[in-house]
Amino acid sequence: MTRGVAVRWEWATSSPPPFYNFAIVPQVHERDAFWEMKEKGEAYKQPAHYEEIHMPKNSGAGIVIAAFATVFGFAMIWHIWWMAIASFIGIVATWIIKSFDEDVDYYVPVAEVENWKKQHFDEINKAGLKNGN
Numbered sequence: 001m002t003r004g005v006a007v008r009w010e011w012a013t014s015s016p017p018p019f020y021n022f023a024i025v026p027q028v029h030e031r032d033a034f035w036e037m038k039e040k041g042e043a044y045k046q047p048a049h050y051e052e053i054h055m056p057k058n059s060g061a062g063i064v065i066a067a068f069a070t071v072f073g074f075a076m077i078w079h080i081w082w083m084a085i086a087s088f089i090g091i092v093a094t095w096i097i098k099s100f101d102e103d104v105d106y107y108v109p110v111a112e113v114e115n116w117k118k119q120h121f122d123e124i125n126k127a128g129l130k131n132g133n
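1 is the number of the first residue of the sequence shown in the UniProt record's numbering; add one for each residue after it.
It should be emphasised that the hints constitute simulated quantities derived from the structure, not laboratory data.
A quick note: this is a predicted structure, and the numbers were derived from the prediction, not measured.
Where hints are given, some of them may not hold.
Claimed, not checked - Keeping only pairs whose Cα atoms sit at most 30 Å apart, straight-line, the calculated DSSO-like set for lysine-lysine is:
(1) Lys98 with Lys40
(2) Lys40 with Lys117
(3) Lys38 with Lys117
(4) Lys40 with Lys118
(5) Lys118 with Lys57
(6) Lys98 with Lys38
(7) Lys45 with Lys98
(8) Lys45 with Lys118
(9) Lys126 with Lys57
(10) Lys117 with Lys57
(11) Lys98 with Lys57
(12) Lys126 with Lys40
From just these sequences and the hints, can you work out the full model?
Below is the structure:
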């Protein structure tokens, strides 16, 4: 397949997309999967069931490391060695502290996923598009 000719996945989720992106990852077997699904009458088919979605929790560690890295870069350019050492220690300490955090994920309940998808399919039906059921 040539690069740049495939259709993207905007068709497979609502707009704006929910925070979990896809309730069920679409199976793509054609270059233009959405066109193929419309031809077969499967474009807006509602799945029989959903599963809970595994998600990572938000973390501020990246911002903290970025701040220390900015200070580290400034200190290295201007040869401020005490600041470079302190910021490098801050980077390593943040990394170590974050590595011991075991509460890093959660699951989106099935009821919440079903609610989001119900709203999406209600909007599709309201727009007069064929649901496929």
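Going down the list of hints, with the structure as the test:
With a C-alpha separation of about 48 Å, the suggested pairing of Lys98 with Lys40 is violated against the 30 Å cut-off. A hinted pair counts as satisfied when its Cα atoms are at most 30 Å apart, and Lys40 with Lys117 qualifies at roughly 21 Å. A threshold of 30 Å between alpha carbons decides the hint, and for Lys38 with Lys117 the separation of about 19 Å falls inside it, so the pair holds. Simply put, Lys40 and Lys118 have alpha-carbon atoms about 22 Å apart, close enough for the 30 Å limit, and the pair holds.
Proposed proximity of Lys118 and Lys57 is supported: the alpha carbons are some 25 Å apart, at most 30 Å. Taking the CA atoms of Lys98 and Lys38, the gap is near 46 Å; set against the 30 Å cutoff, the hint is violated. The straight-line distance between the Cα atoms of Lys45 and Lys98 is roughly 42 Å, outside the 30 Å bound, and the hint therefore fails. Restraint check for Lys45 and Lys118: satisfied, since their Cα atoms lie roughly 12 Å apart, inside the 30 Å limit.
Between Lys126 and Lys57, the direct Cα distance comes to roughly 34 Å. Violation of the 30 Å bound is thereby established for this hinted pair. Distance restraint check for Lys117 and Lys57: the Cα-Cα separation of roughly 22 Å lies within the 30 Å cut-off, and the hinted pair is therefore satisfied. Of the pairs offered as hints, the one joining Lys98 and Lys57 holds, with about 12 Å between alpha carbons and a cut-off of 30 Å not exceeded. Of the pairs offered as hints, the one joining Lys126 and Lys40 holds, with about 21 Å between alpha carbons and a cut-off of 30 Å not exceeded.
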